[in-house]
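Based on the provided sequences and hints, a complete structural model is requested.
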Amino acid sequence: MSLTGYSDPLSVRAGEAVSFMLGADESGSAEVQLVRLIHGDTNPLGPGFIEREVTADLPRAIHVGPQVTRKGSHAVAEDPRGHLEALAEQGTLYAFVRPSLVGGRDQAIAGAWEWKSNRGVGLFISAAGCLTLKVGDGVVTRQVSCAERLAVNVWYFVAGSWDAKAGTLRLWQRGRINRWNSLVGLAPGYQFDDDATHNVAVPRAALPRRFVVAAALAADGDVGALFNGKIDRHGACSRMLDDSQVTWLSQGRLPEPASLVAHWDTTIGYSKEGAIGDVIVDVGPFQLNARGVNRPVRGMTGWNWGGRSDSARVVPGEYGGIAFHDDALTDCKWTPSLRLEVPVDLPSGVYALRIRMAGQEDHVPFFVSPAEPKARIAVLMSTFTYLAYANERLAFDGALAEAIVAHTPVMSPGDIEWKLDQKFGMSTYDVHSDGSGVCYSSSRRPIQNLRPRYRMPTIGVPWALPADLSLIWWLDAKGYEADVITDHDLHRDGSVLLAPYRMVLTVTHPEYHSEAMLNGIEDYLAGGGRVAYLGGNGFYWVTEIRAEEPWCIEIRRLEAGTRAWQAAPGEACLATTGERGGLWRARGRAPQKLVALGFAAEGMDESQPFERLPDSFDVSVSWIFEGIGAEELIGNFGLGLNGASGLEVDRYDLSLGTPPHTKLLASSFGHSDGYLMTQEDIYCAFPGSGGTQNPLVRGDIAYFTTAAGGAVFAVGSIAWSQALPWNGGDNNVSRILQNVVNAFVKSVDRG
Amino acid sequence: MTQDASLPGPRADYSKVESTPWRTNQGIVKFIEFPARLPSISRRAFHIYWSRHHSTHVMNITAFSQFMRKYNSGHTYEDAVPGLPAHYAQDTPFDGAAEVWINSLGEVGAWLGHPAYAELIQPDEGRFIRQDGVVEIVVTKEERIYEPDPDLNENGLTKAYVLLKSRAGLDREAFHAAISAYGRDLAVDPRHLQKLVVSHRISKPWPEGMALADIDAVLELWFKDCSALQAFYAQPLTQATVTRHEAACCDTAAIRAIVARMRVVHDEFSFQPSTMQPLAWNWES
Chain Z
1 MSLTGYSDPL SVRAGEAVSF MLGADESGSA EVQLVRLIHG DTNPLGPGFI
51 EREVTADLPR AIHVGPQVTR KGSHAVAEDP RGHLEALAEQ GTLYAFVRPS
101 LVGGRDQAIA GAWEWKSNRG VGLFISAAGC LTLKVGDGVV TRQVSCAERL
151 AVNVWYFVAG SWDAKAGTLR LWQRGRINRW NSLVGLAPGY QFDDDATHNV
201 AVPRAALPRR FVVAAALAAD GDVGALFNGK IDRHGACSRM LDDSQVTWLS
251 QGRLPEPASL VAHWDTTIGY SKEGAIGDVI VDVGPFQLNA RGVNRPVRGM
301 TGWNWGGRSD SARVVPGEYG GIAFHDDALT DCKWTPSLRL EVPVDLPSGV
351 YALRIRMAGQ EDHVPFFVSP AEPKARIAVL MSTFTYLAYA NERLAFDGAL
401 AEAIVAHTPV MSPGDIEWKL DQKFGMSTYD VHSDGSGVCY SSSRRPIQNL
451 RPRYRMPTIG VPWALPADLS LIWWLDAKGY EADVITDHDL HRDGSVLLAP
501 YRMVLTVTHP EYHSEAMLNG IEDYLAGGGR VAYLGGNGFY WVTEIRAEEP
551 WCIEIRRLEA GTRAWQAAPG EACLATTGER GGLWRARGRA PQKLVALGFA
601 AEGMDESQPF ERLPDSFDVS VSWIFEGIGA EELIGNFGLG LNGASGLEVD
651 RYDLSLGTPP HTKLLASSFG HSDGYLMTQE DIYCAFPGSG GTQNPLVRGD
701 IAYFTTAAGG AVFAVGSIAW SQALPWNGGD NNVSRILQNV VNAFVKSVDR
751 G
Chain S
752 MTQDASLPGP RADYSKVEST PWRTNQGIVK FIEFPARLPS ISRRAFHIYW
802 SRHHSTHVMN ITAFSQFMRK YNSGHTYEDA VPGLPAHYAQ DTPFDGAAEV
852 WINSLGEVGA WLGHPAYAEL IQPDEGRFIR QDGVVEIVVT KEERIYEPDP
902 DLNENGLTKA YVLLKSRAGL DREAFHAAIS AYGRDLAVDP RHLQKLVVSH
952 RISKPWPEGM ALADIDAVLE LWFKDCSALQ AFYAQPLTQA TVTRHEAACC
1002 DTAAIRAIVA RMRVVHDEFS FQPSTMQPLA WNWES
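If you read the sequences in order, they're chains Z and S.
At position 500 of the first sequence the residue is numbered 500 (the working numbering), and the sequence of numbers has no breaks.
Each position in the second sequence, counted from 1, maps to that position plus 751 in the working numbering.
Read the hints as simulated data drawn from the structure, not as lab findings.
For every residue, glycine included, the Cβ atom is placed at its ideal position computed from N, Cα and C.
It is possible that part of the hints are untrue.
As the list claims (entries may be wrong) - Part of the chain Z face toward chain S, derived, beta carbon under 7 angstroms:
no.: 1; residue: GLU611
no.: 2; residue: ARG612
no.: 3; residue: LEU613
no.: 4; residue: GLY627
no.: 5; residue: ALA630
no.: 6; residue: GLU631
no.: 7; residue: PHE637
no.: 8; residue: PRO695
Unchecked claim - Sample of chain Z residues with no beta-carbon within 10 angstroms of chain S, all distances over it, derived:
no.: 9; residue: ALA128
no.: 10; residue: GLY185
no.: 11; residue: PRO203
no.: 12; residue: GLY269
no.: 13; residue: ALA399
no.: 14; residue: PRO614
no.: 15; residue: VAL619
no.: 16; residue: GLN679
no.: 17; residue: ARG698
Rendered as structure tokens:
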């Protein structure tokens, strides 16, 4: 896809501004048009793609051309005053390092080294996987390498010294394994240590005015020699060291002050909660603090991790590890192409900038929430979930994806082209090139699957935003006025955001939530709010954003849950907040406590209808089923695999916190063995966890009231809202939701 | 050392077949409940809630389910099943039969008196089962008369429960001996039968607080399907046996029958698949 872009921010209030960063392989004039998105799924059994052009203060056409995207996380310490010049004649670079992928190409560990021009000094891992020191003046480059290849996922202390006058290059490589910190333990007799000395005419280094960790930058800003793995405390001193001094440093001590140029103490900066940002503090004389680019992962175990704690909050000194990845991307940093001042009276909704050029078209979506609440109904768009899935590659790289969905992926040429390019980073469902999980996902990049017509190739139907538009269409078609709000709004404003609304509807898959979001919904309900939870696998993963960087979410997938990867030992806590990641259920906040239902199973081969259960006939809730027959199948149709209960389904469970007075209104049955009982419910592996056998594999519909006149109507199914457009919206799923919405927006208490 | 009465005792051996089980209340007992659905709910809602939610809920509460060595649920057909003897009343208020095998009569009290029953099971029963006294319960000793395959897969089979009352004036021993003989005679030509059991109501005194229905015995017959049931009862030999025995020992005007489709929720006695057992299983079977 050569014509694409992203908005920033993804979610705005009417009256605020949104910028569009657009790019194309070739320059040209692009027609731009603001559109409101009504429906996305192009399934011919539904209403099809629907957009409405909106008059806005935008040019008809703008110039769009190539934009530069630089992937790879690294850290840069700018040195405008030239303090690094102290390293020109002689000096030492040192670091604790745990490479995760060695060989094949050069990787920079740390240094004041300018890529392409070969100027400066730098510690590298060579293409052969060996520790290497380079010294260059732009004309001559001298280097020395150890012979012993570095082992993967093992902590080392490495150091390289040079002396131009003496004509000497030296390297030290020392294994720093303890019982906990590395892939292997103490017992294997692997040769970790090595030294190398090269006596050669060493040029006086021509030092750039920046120190870079985990990459090397060229003068033009291009980035290369990206590193994969963790780097802990590192630094530079202005003298050549001997063996005893290196041993001293390898024990975590600093060089003697007189020669110290910089020492980046990666354990400094943790808040008392254990949160840490992108700044890497230099405790040396010049305070050359470094700043992370593309979010190096912090809150990671360091070279001295003792295995007794899983949090930097407790032992920050053991959490100096910073993980770097050559394919990380959290901000494309494209030049803005267009800025839109969103009119304060623009109705809230799901919008997109439609761009057309040379026969290509793309929609760059963004969400507009109202400047002030206008409707009685709010629709909570799952912008956190959209980011979690942003640019997922499960159809290509998910080892078990085909088995999970029980059919082969259905790929479009666009999917394949996108995969081949891999220009715009990954989702939290993917793994980095070294196999570790992607814990950050950002909206500051083109997102292929955040497009109205996108169909997830793994399952062959829309997912997340394009699926959610079926609910937007339904509200529009039925004449309901609803304000669109987003996860980002809820995270920022909490229950204050929701309080003005009579009811809040969720979309199909509100899976990722911060504590502030959960609190917001819980407080809204406790205060009499009414929520229609219309999703599957909701309120599942602990997710956070930095207040000042809302475009980037962080998660940590831990030992439980249906998970694409698992955080390494000791790395359970989010760097963003310091709190433990993983499932909300594992932190005492099972989804059942909030909306009566929680994740039961997922399957992508078929969906099933719901059937009424005894509680649905109770006079206190029978209004929900007005117009529905006693034994009528509910939703034996739909755009989500032909049923209203499917894809991911949730169930009622008193033992997990479903309120005891909850009415269990309906369930779906007969799911295939493609639907497997969710992993967190399985203590011992056993046969019979599939839908044909296991009674817990089902979707439920439930209802409960809250103390202050509030209520929750919960449908545990992603496919529910995708059934709404069936038969032009004239169907029993639609009827039930109408009954609920009509009741909820009234001021009288129900239930 | 005395054992906590609320805990199940040593496992009784189900493989031992008693020849005159009605003479003692010792050993495994079978609790049979004939539930009736709440009038407000649909028939289907009743059956799917029982089979998919309630029965699995019961078995998932370890403290409670540990007493239950086998749990069958029988789900009545929507319409009266043709082919049964004409004097069998099928217009009962019942929508099924729940059968639970328990190690001993003493444990029945511990089972029903367990706090988990009051806390978790009873409220759930109120969701779909009438609580106004229509439901009938009987505790029995089982006499397995015809059981060619101890691992018979009962799931999906058709089962007739014939609810019998003793003829007036017949003493208990004579009635149960006669019903036992009746069962054996029915099994003389077992071509259409899968299994045949007589469940004899336990002898008095019943445990304190236990109110049992006016059902002296339950004749239980398993068939592949309703057609097999029809074929069985259409046999002249069967008809003659029914007429002869029931006239001799039963109050024929009080005979009621329930015909149900079977589901095995839990079974520790055989290798048949069940809802709770990790064997090949399918809800549709």
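Going through the hints against the structure:
Checking GLU611 of chain Z against chain S: minimum C-beta separation of about 6 angstroms stays under 7 angstroms; hint holds. The restraint placing ARG612 of chain Z at the interface with chain S holds, with a minimum CB-CB distance near 5 angstroms, inside the 7 angstroms limit. Evaluation of the LEU613 of chain Z hint against chain S yields a held restraint, the C-beta minimum of about 5 angstroms falling below 7 angstroms. Interface hint status for GLY627 of chain Z: violated, as the beta-carbon distance to the closest one in chain S is roughly 15 angstroms, over 7 angstroms.
Evaluation of the ALA630 of chain Z hint against chain S yields a held restraint, the C-beta minimum of about 4 angstroms falling below 7 angstroms. Taken as an interface hint, GLU631 of chain Z checks out: its beta carbon lies about 5 angstroms from the nearest beta carbon of chain S, inside 7 angstroms. The beta carbon of PHE637 of chain Z comes no nearer than 19 angstroms to any beta carbon in chain S, farther than 7 angstroms, and the hint placing it at the interface is violated. For PRO695 of chain Z, the interface hint holds, since its Cβ comes within 7 angstroms of a Cβ in chain S; the closest pair sits about 4 angstroms apart.
Against chain S, the non-interface label of ALA128 of chain Z holds: every CB pair exceeds 10 angstroms, the least being about 52 angstroms. Once the 10 angstroms rule is applied to beta carbons, GLY185 of chain Z is consistent with being away from chain S; the minimum gap is 37 angstroms. Consistency note on PRO203 of chain Z: stated as away from chain S, and its beta-carbon is indeed over 10 angstroms from all of that chain's, at 72 angstroms minimum. Once the 10 angstroms rule is applied to beta carbons, GLY269 of chain Z is consistent with being away from chain S; the minimum gap is 48 angstroms.
ALA399 of chain Z, annotated as away from the interface, keeps every beta carbon of chain S farther than 10 angstroms; the closest lies near 26 angstroms. Not every C-beta of chain S lies more than 10 angstroms from that of PRO614 of chain Z, the closest at about 4 angstroms, which undercuts listing it as non-interface. Interface exclusion of VAL619 of chain Z from chain S breaks down, the closest Cβ pair being 8 angstroms apart, not more than 10 angstroms. For GLN679 of chain Z, the shortest C-beta to C-beta distance to chain S comes to about 17 angstroms, beyond the 10 angstroms cut-off, and the non-interface label holds.
With 10 angstroms as the threshold on Cβ separation, the claim that ARG698 of chain Z sits away from chain S is violated: the shortest Cβ distance comes to roughly 7 angstroms.
Figure legend: structure checked against the earlier numbered hints; hints not met, in rising order: 4, 7, 14, 15 and 17.
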